[in-house]
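Protein sequence lines correspond, in order, to chains R and B.
In this text, residue positions in the first sequence follow our numbering: the first is 115, and each later residue adds one.
In this text, residue positions in the second sequence follow our numbering: the first is 23, and each later residue adds one.
Treat the hints with caution; some may be incorrect.
Said to hold, decoys possible - Taking lysine to any residue and the SDA-like style, the derived pairs with C-alpha atoms no more than 20 Å apart in a straight line are:
1. B:K200 / B:N225
2. B:K197 / R:K296
3. R:K388 / B:T230
4. R:K473 / R:P390
5. B:K184 / R:N482
6. B:K264 / B:E93
7. B:K109 / B:I96
8. B:K200 / R:D513
9. R:K119 / B:D30
10. R:K404 / B:K264
11. R:K194 / B:L32
12. R:K296 / R:Y139
13. R:K277 / R:K296
14. R:K404 / R:L348
15. R:K438 / R:N517
16. B:K200 / R:F447
17. R:K388 / B:N225
18. B:K200 / B:G48
To be verified - The following label-pair restraints were derived from C-beta to C-beta distances:
19. R:S374 / B:V125: 29 to 37 Å
20. B:D176 / R:T445: 43 to 51 Å
21. R:N469 / B:A121: 37 to 45 Å
22. B:H149 / R:R364: 57 to 65 Å
23. R:T516 / B:T241: 47 to 55 Å
24. R:V488 / B:V125: 54 to 62 Å
25. R:N469 / B:D289: 52 to 60 Å
26. R:I324 / B:P227: 28 to 36 Å
27. R:S374 / B:K200: 42 to 50 Å
No lab work stands behind these hints: they were computed from the structure.
These figures come from a predicted structure and were not determined experimentally.
Beta carbons: idealized from backbone N, C-alpha and C, even for Gly.
Listed here are the chains, written in short residue letters.
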Amino acid sequence: MNILKFLTAGSVDDGKSTLIGRLLYDSEAILVDQLEALQRSNRKNDDGTIDLAILTDGLKAEREQGITIDVAYKYFQTEKRKFIIADTPGHIQYTRNMVTGASNSNLAIILIDARKGVIEQTIRHSFLVSLLGLPQVVVAVNKMDMVDFSQEVFDKIVEDYKKLAAKVGLENVTYIPVSALKGDNIVHASARMPWFKGSSLLAHLETVDIPVDTESDHARFPVQWIIRPQTDDLHDYRGYAGRVSSGSFRVDDKITVLPSGFHSTISKIELLDKEPETALAGMSVTLHLKDEIDISRGDILVSSANQPIVSQQIEADLCWMDTKALDPTHTYFIQHNSKVTRCRVREILYKVNINTLEKEFDEDFRLNDIGRIVLKTADPLAFDLFQNNKANGGAILIDSRTNVTVGALMFRANAD
Amino acid sequence: MTNKQQLDYLDELEAEAIYILREVAGQFEKPALLFSGGKDSITIVHLALKAFRPGKFPFPLVHIDTGHNFEETIIYRDQMIERIGEKLIVGYVQEDIDAGRAVEQKGKNASRNQLQTVTLLNTINKHQFDACIGGARRDEEKARAKERIFSVRDEFGQWDPKRQRPELWNLYNGKIHKGENVRVFPISNWTELDVWNYIRRENIPLPTIYFAHERDVITRGGQYMAASPFLNMDDEDVVERKNVRFRTVGDMTCTAAVESYAFLIDDIIEEISASRVSERGARMDDKVSEAAMEDRKKGGYF
């Protein structure tokens with residue numbers, strides 16, 4: 115059994131929370147005491163049924179306002195798969211939260227209100243999903259009960275969305291007509307839409323393919339910690355602890371340490387008292403090398419056959435996440451894997467109007483703005499382009515005055 | 023190598039938790055692992071073994087001792103420390119009560135649960151810990167579902183849900199100002215069942231109270247509480263002998279037992295899989311109000 119991480123994107127009234135509530139409720143992931151708490155809360159729909167949306171709104175301020183203000187994570191599982199839902203708010207002012215949720219997901223469910231069709235928010239959500247490189251997208255056309263479960267309405271929306279998908283560059287898109295409120299095609303197939311031959315949403319989520327790059331020549335291993343017991347019996351023990359971020363490593367593989375450029379060979383892979391032959395993408399292990407080289411936290415071990423870019427000038431997409439605007443004169447920290455160095459934004463190339471997808475020029479970069487910039491870093495980074503390798507192509511910016519995470523970066527080109 | 027090779031969910035959760043523990047080691051000067059003796063913190067100790075052996079842990083274990091513990095928990099704690107050979111620091115709630123820094127609650131449902139926060143914050147202060155690793159999981163409670171993996175607390179230990187840092191990919195920002203500390207939750211993405219399945223797979227020993235045993239209990243609010251000198255009892259309380267086990271372990275005064283005949287870990291997993299009540303349903307402290315957990319966390323509670 116593996117894990118699928120997904121997020122739901124939709125605007126305030128598209129029924130996002132209801133959809134999540136319905137998934138949990140119909141798959142019997144809600145427990146009795148939680149259900150009782152739900153009933154105590156006295157939020158009811160017009161027809162007297164429990165308001166499932168309240169399940170996902172965990173904070174007082176959210177319950178008071180009836181909206182979601184922050185990312186929450188929900189868990190459920192079926193016999194086929196485990197699921198982690200990043201429940202992100204849909205408002206434009208929470209773009210940063212959607213970017214955050216998307217960065218940790220393999221799949222996005224984009225909700226469209228059947229009565230409204232493709233609207234400005236749909237464009238924004240689709241753009242963000244594409245920007246963050248999510249491999250799988252589900253377009254859930256919701257509130258089909260409000261349009262008499264009409265196939266024409268659904269087909270028209272699919273047709274419109276296909277144009278949008280082509281424009282923003284989304285490839286694997288699956289379309290499902292649903293009613294979250296009534297439960298059609300969420301967990302159980304709908305008898306009211308016999309014209310729809312696809313899977314229910316849950317059945318799709320249970321079986322959709324999650325691509326993982328385990329090709330050995332894409333191997334990347336950021337070093338987090340050096341294990342050196344320095345005891346009498348382990349005097350010469352030196353292990354490099356970290357997590358394989360992409361590809362895989364095998365004993366006897368030739369590796370290069372970046373940014374120094376030293377070469378060596380893997381002599382042993384350890385995971386506590388086990389010694390696996392291979393370390394796959396996602397695994398936390400300890401690597402041993404045949405040669406003694408100076409390696410510290412922040413360095414990255416890579417396959418010698420396929421090396422990332424090493425550069426101090428990078429072109430990147432930036433999503434700004436702080437209320438204080440980007441200050442081009444200020445030196446920020448950049449955190450890329452386990453490496454932290456200083457950097458400055460040298461140039462703003464353009465900003466994207468995320469509702470129209472037009473490129474605009476503007477000297478200010480404010481909360482929720484997204485655009486392309488050029489960075490100069492104090493030390494060289496060993497990175498891949500985000501479109502080629504997400505795990506080694508993203509970074510965060512940290513304001514050195516407040517220590518707050520202020521930006522998400524997706525590396526797009528070497529600007530050296 | 024094909025694209026189809028994927029980690030099993032327990033391997034993935036394990037790898038993520040080890041990664042987080044190593045980030046703590048790499049990013050902080052004086053971290054600590056908060057150890058309660060419960061199954062979640064026991065699991066984290068096991069994960070720390072995988073993250074740092076054959077080296078030593080880059081942090082001590084810290085136990086906030088309310089003085090109202092189950093005896094079995096303390097025995098387990100001391101045996102475990104001896105087995106792994108790591109450092110243990112104990113903060114005693116009793117010392118804060120004796121010094122007048124914490125005031126014992128009164129009444130029938132009095133517990134020291136709230137007082138733990140005082141001792142926790144004093145212990146953090148005394149040792150100048152800049153990061154505290156804990157076993158909280160997001161599936162436990164709705165306010166915890168909003169918690170970050172690296173959760174920044176101010177100098178008063180407060181959690182401010184509106185000022186949380188976004189967490190992108192697996193990049194955890196542990197930069198803080200002096201006086202602040204970060205609470206780190208390596209098993210945020212695990213569910214109760216995941217923890218049990220992992221304990222079974224890894225053969226991790228647990229305190230005996232998790233398994234069914236005979237015990238004197240009294241009924242409070244429809245739940246079984248372990249009869250003990252710490253519980254304020256009166257004439258209405260009737261002590262009964264029941265076959266019980268504990269699903270979650272905190273203080274004797276705030277943790278309820280469930281009637282059970284699950285003597286082995288397989289029985290427990292079966293019992294939990296079939297259960298329709300959540301784990302925190304057995305925590306009296308969560309029932310105070312709808313936002314009980316959120317309010318306690320804002321005040322510095324874990």
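Status of each hint after checking the structure:
1. At most 20 Å may separate the alpha-carbon atoms for a hinted pair to count; K200 of chain B and N225 of chain B exceed this at roughly 40 Å.
2. Among the hinted pairs, K197 of chain B with K296 of chain R is inconsistent with the structure: their alpha-carbon atoms are about 46 Å apart, more than 20 Å.
3. With a C-alpha separation of about 28 Å, the suggested pair K388 of chain R and T230 of chain B falls outside the 20 Å cut-off, and the hint is violated.
4. About 49 Å separates the Cα atoms of K473 of chain R and P390 of chain R, which puts this hinted pair outside 20 Å; it is violated.
5. Proximity of K184 of chain B to N482 of chain R is assessed by CA-CA distance (about 16 Å); at most 20 Å being required, the pair is judged to hold.
6. Taken as a hint, the K264 of chain B and E93 of chain B pair is honoured in the structure, with Cα atoms around 18 Å apart against an allowance of 20 Å.
7. At most 20 Å may separate the alpha-carbon atoms for a hinted pair to count; K109 of chain B and I96 of chain B meet this at roughly 15 Å.
8. Between K200 of chain B and D513 of chain R, the direct Cα distance comes to roughly 16 Å. Compliance with the 20 Å bound is thereby established for this hinted pair.
9. Restraint check: the Cα-Cα separation between K119 of chain R and D30 of chain B comes to about 14 Å, which is no more than 20 Å; the hinted pair holds.
10. For the hint linking K404 of chain R to K264 of chain B, the alpha-carbon distance of about 60 Å lies beyond 20 Å, and the restraint is violated.
11. A C-alpha spacing of about 14 Å is found between K194 of chain R and L32 of chain B, which places the hinted pair at or below 20 Å, so the restraint holds.
12. This hinted pair checks out: K296 of chain R and Y139 of chain R have alpha carbons roughly 12 Å apart, not beyond 20 Å.
13. Using a Cα cut-off of 20 Å, the hinted pair K277 of chain R and K296 of chain R is violated, with the two alpha carbons roughly 29 Å apart.
14. Restraint check for K404 of chain R and L348 of chain R: the C-alpha separation of about 16 Å stays at or below 20 Å, so the hint holds.
15. The suggested pairing of K438 of chain R with N517 of chain R holds, with an alpha-carbon distance near 13 Å, which does not exceed 20 Å.
16. At most 20 Å may separate the alpha-carbon atoms for a hinted pair to count; K200 of chain B and F447 of chain R meet this at roughly 18 Å.
17. For the suggested pair K388 of chain R and N225 of chain B, the alpha carbons sit about 15 Å apart, so the restraint of at most 20 Å is met.
18. With a C-alpha separation of about 18 Å, the suggested pair K200 of chain B and G48 of chain B falls inside the 20 Å cut-off, and the hint holds.
19. For S374 of chain R and V125 of chain B, the hinted distance range of 29 to 37 Å is not satisfied, since their beta carbons lie about 58 Å from each other.
20. Between D176 of chain B and T445 of chain R the Cβ separation comes to about 25 Å, which falls outside the hinted range of 43 to 51 Å.
21. At roughly 60 Å, the beta-carbon separation of N469 of chain R and A121 of chain B lies outside the given 37 to 45 Å, and the hint is violated.
22. In this structure the supplied range 57 to 65 Å is violated for H149 of chain B paired with R364 of chain R, their Cβ-Cβ distance being about 43 Å.
23. Between T516 of chain R and T241 of chain B the beta carbons are some 52 Å apart, a value that agrees with the proposed interval 47 to 55 Å.
24. Distance hint for V488 of chain R and V125 of chain B: a CB-CB separation of about 59 Å, consistent with the stated range 54 to 62 Å.
25. For N469 of chain R paired with D289 of chain B, a C-beta distance near 56 Å keeps the hint of 52 to 60 Å intact.
26. As the Cβ distance of I324 of chain R to P227 of chain B is approximately 35 Å, the hint placing it in 28 to 36 Å holds.
27. For S374 of chain R and K200 of chain B, the Cβ-Cβ distance of about 33 Å falls outside the hinted range of 42 to 50 Å, so the restraint is violated.
Hint compliance for this structure: hints 1, 2, 3, 4, 10, 13, 19, 20, 21, 22, 27 are broken, all remaining hints hold.
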